[in-house]
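Line order of the protein sequences matches chains A and B. Residue numbers for the first sequence, in this note's numbering: 1 to 201. Residue numbers for the second sequence, in this note's numbering: 1001 to 1095.
These are calculated hints, taken from the structure and not from any lab test. Remember, it's a predicted structure, so these values are computed and weren't measured experimentally. Errors might be hidden in some of the hints.
Claimed, not checked - According to the in silico footprint, chain A covers these stretches of chain B (three or more CB under 8 angstroms from chain A):
(1) 1047-1053
(2) 1072-1086
Stated by the list, open to error - Here are the simulated DSS-like cross-link-like pairs (lysine-lysine), alpha carbons at most 27 angstroms apart as the crow flies:
(3) B:K1021 with A:K52
(4) B:K1088 with A:K56
(5) A:K169 with A:K64
(6) B:K1030 with A:K169
(7) A:K169 with A:K56
(8) B:K1051 with A:K93
(9) A:K52 with A:K173
(10) A:K64 with A:K52
(11) A:K144 with A:K60
(12) A:K34 with A:K199
(13) B:K1088 with A:K173
(14) A:K56 with B:K1022
(15) A:K144 with B:K1084
(16) B:K1084 with A:K173
(17) A:K56 with B:K1030
(18) B:K1088 with A:K169
Just so it is clear, CB atoms sit at the ideal spot from N, CA and C, and this is done for glycine as well.
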Amino acid sequence: MKNSLIILLFFVAGVILGLFHFLPDIMLNNDFSKYALYVLMLLVGISVGSDKSSWKALIKYKYKIFLVPLCVIIGSLLGSLLISFLLPDLEMKEVLAVGAGFGYYSLSSILITEISGQTLGVIALLSNIMREIITLLSSPLFAKYFGKLAPIASGGATSMDTTLPIIVKSSGKEYAIISIFSGIVLTILVPFFVTIILKLL
Amino acid sequence: MIIVLSIMVAGIIIGAMLNDKKKIISIIDKLTNWAIYALLFLLGISVGLNKTIINNLDNIGVNALIITVGAVFGSIIMALITFKLFFKKQKTNKL
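Pulled out of the complex, with its shape left as it was, chain A reads as follows:
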């Protein structure tokens, strides 16, 4: 939560500086975000690859553990698909791509900005930040009424780090590894899903 507030602060600072053109010309005329994205992707890859706990969980739960990220993918996409009928000013594939951020707002918003432009990128940013906030606030409720996997599903890709503490609190320690595993799988898949949905559909 603290981390997402800092991120939001950086974003807002950028918006304000951009709004008042209070920047050196180099910043206004060049787009550095592509290179920053490359760096980020490399770093995310390294931290995912170095985390061994997920491989152990894989051995323990076998195929069943894959059902968790799978149900998040199906649920997020199906939910986005149905809700897209309420959003006439957005194409269905745009809504799907935002939903396929699975809460991973930093990466999905940047990828979507690169592919579809800033308006959809900002929608992705806000929507996926909201997903994290909703998870942080409602996990106890979700665990009670929708079963112990619901907080993990709601957290999506964030269930491996930022929302993990509240998930463990709501569902129990025995779900920590499942939560981390699901978050890692979804984190890896976000760039694939977003790209495929926007480019091929």
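Once you've looked at the hints, dock chain B against the given chain A.
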């Protein structure tokens, strides 16, 4: 986008080779945070420069919220089904 994806795959391979070297991993985590700050700051700048977005921010926010509600409810309903079918009964003989 293929470049982006292959960079991430390269990262995963590097990470797997690093094993559990805690020092390197904590540095990586810090660098990740700063890369995210930088990216969102840059995204903020381009949003601030973009008049159409600034003038439609309320509309954009409502769209974002509606999509979030759809994605979250879809997910937790699927999670409920998965839990009932595959995880719940297993609990008695220790999951």
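Each hint, compared with the structure:
1. Closer than 8 angstroms: that is the beta-carbon criterion, and the segment 1047-1053 of chain B has 6 residues meeting it against chain A, so the requirement of 3 holds.
2. Coverage of a stretch by a chain is defined here by at least three residues with a beta carbon nearer than 8 angstroms to that chain's beta carbons; for the segment 1072-1086 of chain B and chain A the count is 14, and the condition holds.
3. At most 27 angstroms may separate the alpha-carbon atoms for a hinted pair to count; B:K1021 and A:K52 meet this at roughly 11 angstroms.
4. A C-alpha spacing of about 22 angstroms is found between B:K1088 and A:K56, which places the hinted pair at or below 27 angstroms, so the restraint holds.
5. Proximity of A:K169 to A:K64 is assessed by CA-CA distance (about 22 angstroms); at most 27 angstroms being required, the pair is judged to hold.
6. Pair hint B:K1030 plus A:K169 holds up; C-alpha atoms about 26 angstroms apart against a cutoff of 27 angstroms.
7. Proximity of A:K169 to A:K56 is assessed by CA-CA distance (about 22 angstroms); at most 27 angstroms being required, the pair is judged to hold.
8. Proposed proximity of B:K1051 and A:K93 is supported: the alpha carbons are some 24 angstroms apart, at most 27 angstroms.
9. For the proposed pair A:K52 and A:K173, the alpha carbon gap of about 18 angstroms is at most 27 angstroms, so the pair holds.
10. A C-alpha spacing of about 18 angstroms is found between A:K64 and A:K52, which places the hinted pair at or below 27 angstroms, so the restraint holds.
11. About 26 angstroms separates the Cα atoms of A:K144 and A:K60, which keeps this hinted pair within 27 angstroms; it holds.
12. Straight-line distance between C-alpha atoms of A:K34 and A:K199 comes to about 18 angstroms, which keeps the hinted pair within the 27 angstroms bound.
13. Straight-line distance between C-alpha atoms of B:K1088 and A:K173 comes to about 16 angstroms, which keeps the hinted pair within the 27 angstroms bound.
14. Distance hint between A:K56 and B:K1022 is fulfilled; the C-alpha atoms sit about 18 angstroms from each other, no more than 27 angstroms.
15. As the CA atoms of A:K144 and B:K1084 are separated by approximately 13 angstroms, the hinted pair is consistent with the 27 angstroms bound.
16. At most 27 angstroms may separate the alpha-carbon atoms for a hinted pair to count; B:K1084 and A:K173 meet this at roughly 19 angstroms.
17. This hinted pair checks out: A:K56 and B:K1030 have alpha carbons roughly 25 angstroms apart, not beyond 27 angstroms.
18. Under the criterion of a C-alpha separation no larger than 27 angstroms, the hint pairing B:K1088 with A:K169 is consistent with the structure, at around 18 angstroms.
When the structure is compared with the earlier hints, no violation turns up for any of them.
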